[in-house]
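**Q** Here is what each chain is made of, one letter per residue.
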Amino acid sequence: MFAVQSLIDVILLLILALAAAPFFGSYLGKVFMDRPILGDSVLTPIENAIYRLIGTSPRKSMRAMEYFLAVVLVNVALFVFLYVWLLYQNLLPLDATGAPGMSWTLAFHSAASFTTNTNFTHFTNETQMSLGSLVIAWPIALFVSPATGICVAAAMIRGFVRKDGTLGNFYVDLVRSMTRIFLPLSILIAIVLVFMGVPETFTNIVTAHPITGGTQEILLGPVASFQSISLLGSNGGGFYSANAASPLANPSAVSNLFLSFVMILIPLSTPFLFGQLIRKRAEAWPYMGTILIVFCIALALFIAYQAASNPALASITSLGAQTNGYPIGQETRFSLPEASLFQVTSVYSNVGANNMMIGALSPVAQLVLLFGMFTQSTPGGVGCGFGTLLLFAVLGIFVGGLMVGRTPEYLGKKITTRHVRWSALALLTHPTSILIPFVVAVAGGFVTTATGSIPSSAHVFTSVLYEFTSESANNGSALSDGYFNDATPFFNLAGAVVMLVGRFIPFFAMLMVGGLFSEQETQPASAGTLRTASLTFTLYITLFLIIMSVLLFLPVIALGPLAQII
Amino acid sequence: MSGTGREPARPPPTPPRAHSMREHVRATVGFMVITIVVCGLVYPLVTTGIAQLVDPDAANGSLLYYPNGTVAGSSLVAQNTNAPYLFWERPSLTDYNFTGGAPTPPGPTQPGLGELLNETIAYMKEYGNFTVNATLPFWWVAPSASSIDPDLVPEAVLVQIPRVSNATNLPIPKLLDLVNAHIVNPPIPDVGVPYVDVLQLDLALLPMIGK
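Line by line, the protein sequences give chains Z and Y. Per my numbering, residue -8 is the first one in the first sequence, and the count goes up by one each step. Per my numbering, residue 2 is the first one in the second sequence, and the count goes up by one each step.
Worth flagging that the hints you see were computed from the coordinates, not collected in a lab. Positions of the beta carbon are idealized from the N, C-alpha and C atoms, including for glycine. Just to be clear, a hint being listed does not mean it is correct.
Example chain Y residues on the side facing chain Z (calculated, C-beta under 8 Å, incomplete) [unchecked claim]: (1) Val78; (2) Gln80; (3) Leu87; (4) Ile149.
Once the Cα atoms are required to be at most 25 Å apart in a straight line, the calculated DMTMM-like pairs of lysine to aspartate or glutamate come out as [to be verified]: (5) Lys51(Z) - Asp96(Y); (6) Lys212(Y) - Glu208(Z); (7) Lys212(Y) - Asp191(Y); (8) Lys51(Z) - Glu512(Z); (9) Lys212(Y) - Asp96(Y); (10) Lys405(Z) - Glu208(Z).
Negatives, chain Z to chain Y, calculated, CB over 10 Å [claimed, not checked]: (11) Met187; (12) Ile319; (13) Gly392; (14) Phe495; (15) Ile548.
Here chain Z stands alone, though its shape is the one from the complex (with noise of 0.2 Å):
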């Protein structure tokens, strides 16, 4: 069991990251609306420094169509960048740990990975990284790829508010956010987390010659400045294999606090800069609502299973009671609700990171985990969980609206079969690419073990559900490594087109969505209008969400995670 009073402080920082919320919502609406904000003294003529150099301007204005064609080319621009650099890392700057260049398809997955902000990983970093790749090439895709998020999100809301058919610049869209959310953020995240202990520094290998003799190599180079931008963008990747587990990547229960809050920042304060684009705050609610009600089932639920015992150890002699929870892959410094905290909140945000071991979670928790990549919405990634919670918004208004006979319209815009097309090839993509390779993967025998053999079990099961899971979501996290060899061809491209498909498709229907709404006159408000700033609509948005997903994944999560737990 835990003492009831290790839960005050996760409530405080979960009232503090709401209370935050609609603050920094409403600046994040302000840098997408060219709104007067704080420092456009200085960032203002660097803006337009750069518009100028890269030959664009915020009058110029684009529509659905052209906004993604944008977003392929720095996408595709940053892929081939990053899969160049990880084949050839052994021959660029600061290959200090004297990695290898990696074979096609580990560096095709892994650019995939990086560019679409999922960050899973199929090598060890501390083998198969230069300090290099660590430190310039990855972070790249660090940024860039939340910042693509986010303004993919602010393209589709504009959308709402928009009559001539364009959603903006994405060009500009990107720069903004760079210059006015994730560089300033980044540096001064990275600079609280080196006062909590986190290294930041060139140095890469320091040889410690411990009590017992023999010598240490301790592994360092610029952590904080990497964890930093690594959870605020949510990305999630780890500096260290053990990504937030690593004390060296999260010293103290502190960080782990301030962290959890760095990783929820952006992802719950989107509603509010839905409420600032559309200039009405309260619509902004009901997806709050809809946020916290399943985060806060998911939590509770976590802590619940992971306080209790494992059966499976009772035989055990000489093994004492269990206190703080469960500690078998777990950091001692933290206690269970912190450390749940951190967990839930990565994998719900889509960060991916992980301070604790998730293959040795109990079954229940790690079905918890596994719902949140089914949603992807609750809060979801940077900017993607929130278009995705809208599109389930869309299709939730048009099925609702049909049931009590009126005309689906939302926020004076009306929905049509074909924002309906849209929103439901963007959440079938979510299933399709989870569970065609997920077949594929165990009927076609590409599941084995590292010494060949094919593994059979639930557990197994389970790990090669997470996997596509956590890539189709663009999460990031892992349950695999040990129950089976994921760094094989098969599942370096298998996953790396799951990654891009559960990243693109998505992001070409909230942008068609998006254009749809901007095409359109707003009607104004009737008797007859929807209210959707109201408690039944959060409800039945909730419902909907949860229906919907566990409708689509039933199946299989009865042959892995239930099967484990009954």
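Take the given structure of chain Z and dock chain Y to it, following the hints.
**A** For chain Y alone, kept in the frame of chain Z given last:
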């Protein structure tokens, strides 16, 4: 208000793009070049510069030194201290090596878990980590997530006192005082749990046994 319909009822079917393809390529390449320089080089360098200025000890890995100035280790990294006269860390699946990555311990329903715990308990008993009631704290025998967790719950340090006393001939009350002085309590009440940083404890123990 002329009302003659200045705006068309629908936007034209194929409106022109805001940028030509050439402009798109220029913007993309330009953006990537700026980003590579700013995010890949300027950002880590500036942050490292500030960090080295404001808190060099933490920025360089919270290293611990012997009196002669040699690096003993880091207060944030566990190392193998399995000698009879020292306090032991949590077990490591990588033998405290960074190059071993971070393996996942067996899951709760896997048979390997019981075997691993029984092995650890047998090893610890063999080396005399027995207490009066013959149980070992769960947190001590459980493999950690990072495989380099440097901290132990106080109970797990206390059960080692009889063995350390036996090996070093130091009286138990003296060791108890040492351990109690090294228990780190949460800086803010109930944020985190009390723990002992084992390497720091062992380094404080060394001069007491003349090493």
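**Q** With reference to the structure, classify each hint as holding or not holding.
**A** Consistency of the hints with the structure:
This hint holds: Val78(Y) has a C-beta 6 Å from the nearest C-beta of chain Z, less than the 8 Å allowed. The interface hint given for Gln80(Y) is met, as the beta carbon of that residue sits about 4 Å from the closest beta carbon of chain Z, less than 8 Å. Proximity of Leu87(Y) to chain Z holds as hinted, the smallest CB-CB distance being about 6 Å (cut-off 8 Å). Interface restraint check for Ile149(Y): the shortest CB-CB distance to chain Z comes to about 7 Å, inside 8 Å, so the restraint holds.
Of the supplied pair hints, the one linking Lys51(Z) and Asp96(Y) is violated, its CA atoms being roughly 58 Å apart against a limit of 25 Å. Taking the CA atoms of Lys212(Y) and Glu208(Z), the gap is near 23 Å; set against the 25 Å cutoff, the hint holds. Only pairs whose Cα atoms come within 25 Å are accepted, and Lys212(Y) paired with Asp191(Y) is rejected, the gap being roughly 37 Å. For a cut-off of 25 Å, the pair hint linking Lys51(Z) to Glu512(Z) stands: about 21 Å separates their Cα positions.
Distance check on the hinted pair: Lys212(Y) and Asp96(Y) sit about 24 Å apart at the alpha-carbon level, within 25 Å; holds. At roughly 62 Å between alpha-carbon atoms, Lys405(Z) and Glu208(Z) are farther apart than 25 Å, so this suggested pair is violated. For Met187(Z), the requirement that its beta carbon stay farther than 10 Å from each beta carbon of chain Y is not met, with the minimum near 8 Å. With a minimum CB-CB distance of about 5 Å to chain Y, Ile319(Z) fails to clear the 10 Å threshold, and the non-interface call is violated.
In this structure Gly392(Z) is separated from chain Y by more than 10 Å, as the shortest Cβ-Cβ distance comes to about 24 Å. Every CB of chain Y lies more than 10 Å from the CB of Phe495(Z), the least distance being 16 Å, so the non-interface label holds. Every C-beta of chain Y lies more than 10 Å from that of Ile548(Z), the closest at about 16 Å, which supports listing it as non-interface.
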